[in-house]
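My request is simple: use the sequences and hints to build the entire structure.
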Amino acid sequence: MKLAELLQERARYIQKARDVVDKAEEEGRSLKSDERVKKDNYLDEADKLEERINDLKELQEREKREFEAQLDDEGGEEKKDGYTQIYEKYIRRGFENLTRDETRKLREIRAQSVANATKGGYLVPEEWANTIIEKLAENNVMRRLATVDSTSVETNIPVSSSKPEFGWIDEEGSYPETDEEFGQKSVDAWKSGGIIKVSEELLLDNQYNLQGRISNNFSQAAGDIQEEAYINGNGVKKPRGILLDADAGVADAGGTAGFDADDVLDLVYSVKRGYRRNANFLANDQTAKELRKLKDSNGQYIWQPSMQAGEPDSLAGYGIEYSPAMPDFEDNAKALLFGDIKYYNIFDRQGLFMQRLDEKYADTGQIGFRAYMRTDGLLTIAEAVKYLDIGTA
11 MKLAELLQER ARYIQKARDV VDKAEEEGRS LKSDERVKKD NYLDEADKLE
61 ERINDLKELQ EREKREFEAQ LDDEGGEEKK DGYTQIYEKY IRRGFENLTR
111 DETRKLREIR AQSVANATKG GYLVPEEWAN TIIEKLAENN VMRRLATVDS
161 TSVETNIPVS SSKPEFGWID EEGSYPETDE EFGQKSVDAW KSGGIIKVSE
211 ELLLDNQYNL QGRISNNFSQ AAGDIQEEAY INGNGVKKPR GILLDADAGV
261 ADAGGTAGFD ADDVLDLVYS VKRGYRRNAN FLANDQTAKE LRKLKDSNGQ
311 YIWQPSMQAG EPDSLAGYGI EYSPAMPDFE DNAKALLFGD IKYYNIFDRQ
361 GLFMQRLDEK YADTGQIGFR AYMRTDGLLT IAEAVKYLDI GTA
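Letter by letter, the sequence shown follows residues 11 to 403 in the numbering used here.
Note that these hints are calculated values from the structure, not bench results.
One or more of the hints may lead you astray.
Unchecked claim - Calculated pairs, DSSO-like style, for lysine-lysine (alpha carbon to alpha carbon, straight line, at most 30 Å): (1) Lys67 x Lys49; (2) Lys58 x Lys299; (3) Lys352 x Lys305; (4) Lys282 x Lys67; (5) Lys299 x Lys344; (6) Lys26 x Lys42; (7) Lys48 x Lys299; (8) Lys305 x Lys58; (9) Lys247 x Lys299.
Just so you know, these numbers come straight off a predicted model, no measurement behind them.
What follows is the structure in structure tokens.
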């Protein structure tokens, strides 16, 4: 079954479940036992289809990347630049197997890099790094929704806290003046990384896709820890999370027992219209489950499933994205975020670095690779994104 057909089938099961609940609501009663079973069965089928949809999406992405990789690889080794070939040789065979010229080239690139070379590690070739950053974006919701830039040094960002004042001017009249106030927000580069282990036998096998293995492992691990920081980070040796600086759109929704569709609409309209044009909701799966139960004043559900591949589900007419890093649906939690997340800026310090560890895991027949990148993030305009605080019942 094609992806579009699966999406439509999932929507049909959800609608059937809604019809069962709506019928009982119209008659002013609770669900009968057989109706409850029927509703649960419909939702179970929808959940099964959702798993198939996610599997198919993942497969399509992998096929796309494989096809692009095949196009890039046409022409073989001669298409790779000299540094990439030397770097791959270093990764697979170790530093001692490089020629004198190859060693010199590797060290020259390292010396030219913006990273502190005394801390170890060699700059990963651009084609490797681009693949990893692309995978990070796929696995990390914030990287898809935010603005991602590169920096080479610590940067101060000027942020205006007011806007110019304009007015109608008489002939030869005075122009209105505004003392514009600018603040500064500083972005640095916090290190995130870890160690990837590969067996010696696989490294010696030239057919083994070492780049793919490292890219997958690094992007999955780094994606998780970075997503958590971009959302919840306190700015201490990690990025400032979006929830740290976002404004409260709904300060007290009355606790989990009092949470309703009006709270969601209040959150939407707490964000200025200009920011709403490109706005999204952000929540975790637990909160999404509660949102799927909410109805508007006409008895219509405000959550709607995606009907088209590549498009998100919608809530109150806006796209909703899901991240496990968002707080759970519970009292006093900032469980729902809404606004233009493009105003959250991610700054990657240029370069991804990796160092081969020959001796550390020798007793297990493995080679370790210490890999890291440096990044920071902050919300540049607080009013562009607001959160709903569940409050206390």
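Hints the structure violates: just list their numbers, smallest first. 4, 9
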